Amino acid sequence: MNIILTAIDYIYNKAKSNSLWPLTFATSCCGIEMMSATASNYDIARFGSEVFRGSPRQADLLIVAGTITHKMAPFLLQLYEQMAEPKYVLAMGACACSGGMFKNNSYSVVFGCDKIIPVDIYLPMCPPKPESLFDAILKLKQEIQKESLLTRKDKINSHISKLYKKENSEILTLKENMHVFTMGI
Amino acid sequence: MSLFYLLYIECLSFWKMPEWLIFIMWYIFNFILIVILMLLTVLFLVLFERKYLAFYTRRIGPDRAGYKGCFQTVADAIKLLFKENIIPKNADKFLFFLSPLIVFVPVLTVWALLPFSSGFYTFHSCCSILLFMAFLAIPAIGILFAGYSSGGNNFALIGGIRSCMQLIASEIPSFLVLASIVILSGSMDLSVIVKNQSGSILNWYIFPSFLGFTIFFICSLIIMNRLPFDFPEAESELVAGYNCEYSGMKFAMFFLAEYAMTFILSALVVVLFLGGYNAPFDFYITDCFNLSVILREIFINFEQFFWLIFKTGIIIMLIMLIRAAYPRLRTDKTLDLCWYIFIPLSIFNLFIAIIIKYMRGIL
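Line by line, the protein sequences give chains A and V. Be aware that the first sequence starts at 1, since it is given in our numbering, and climbs by one per residue. Be aware that the second sequence starts at 1, since it is given in our numbering, and climbs by one per residue.
Because the hints were derived from the structure by calculation, they are not lab data. It is possible that part of the hints are untrue.
If we take Cβ atoms under 7 Å as the criterion, some of the chain A residues that face chain V in the derived model are [to be verified]:
id, residue
1, Ala15
2, Gly54
3, His70
4, Thr151
5, Lys153
These figures come from a predicted structure and were not determined experimentally. All residues carry an ideal CB built from backbone N, CA and C; glycine is no exception.
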């Protein structure tokens, strides 16, 4: 049984890691670097991920490129929840990792997108070069190739518990605010 | 009856199988052959398009999966196969499941009508042009259903409506052009139309009706939703258009149908205007060698298949070049193009065809 499973895992992980389709989602200046990563000097297409999907249903990789404000946070959570299952998150830039230069005193910025959604790989820099984005994607690929279909389920469950059951965090307030924000729009 | 059918009967009657079983098995074999051919073409076309667009923008394109990225689309297919299937809470579930099939099955059916060579065509009909265009109109209905059924998603609904709108606009001029071809060849059968264009390059219908070729080519771009006219899936206006709520295998089905449609419509352009499976000169390369009669028949079929694929490839490369070069048109501009410019021009083209036919009758 295990032999079959490892064979399936090998092929599936190869396929998954070679076609990470990112979501078109950029909140600030790191988005410019992400765009130049797709253009001809750097060419993200070499890793098979130039297919930027507009709809979160078809995307595999959520590149959080830029500052997440409290106003944007509910929509980030919504986008993450709309994505279909083998989904990965890449926190790009210092703001998405920890709040960056807004960390000291800001009333409007979420200090790191891992307060809202589970992050698979962090890429701190302000802003990171396209080469370092590729480095992060390649490291994410290595992580994916270690995965197994059995352990993936536990990982999802732990992610869900992070999302909903965490106490004393911003998420609860965000969940309440989400209603207000969506009503406002 | 085609040569391959006779060979097939010879082979199977050797084992003394009943006749009805042989008859049914022939269609099953053809179906399997066409499905395999279609999957291979689509896998190749997607990879080729990504590489080709990369070539135009001075990029490298996919080169990590397999040797120089040759397994890129296979990797995409496996990933989409295993991806989670999300159904929106307030979706119309039956239509949501049905609409990828409504898009996919007619496109697959149409492959059976195309004469790939003088010996190999699956389904022979005296009005195969009409069947062809009728089947190719069905996917737009599937797209409309997909937009309607995906849980009140506005983007999807607008995409579906746009698909029907441009189908109606492009169908009338393309049918008028088809009428001119039918008048020129005197038949509605695709294989007869191809046979009438044999001989030399001057017999191809692109010369009497170049106007018709241009109109039909642009109309086929509109029917297959390629880039200057891809309103149902306009990424910058509607998030992902009609397939906004689709994920995993159902989305892959839409993707497959789109590329299969690209191939089959450019093959139809080749069959109607560029001589189909005929060689561009007045002899076949196979005739240069001294072969026995049966061997010559088989090799000529393969050569005709090669010429069809070769010409279709040129048309597809033209379509991809247009995709790389031009931005999306505005919707109302496209409708103006179809209703105000193409319909009068195609009626003019029809008159030219009638006059040419009449002159040929006199001379």
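Non-conforming hints, listed in increasing numerical order: 3, 4, 5
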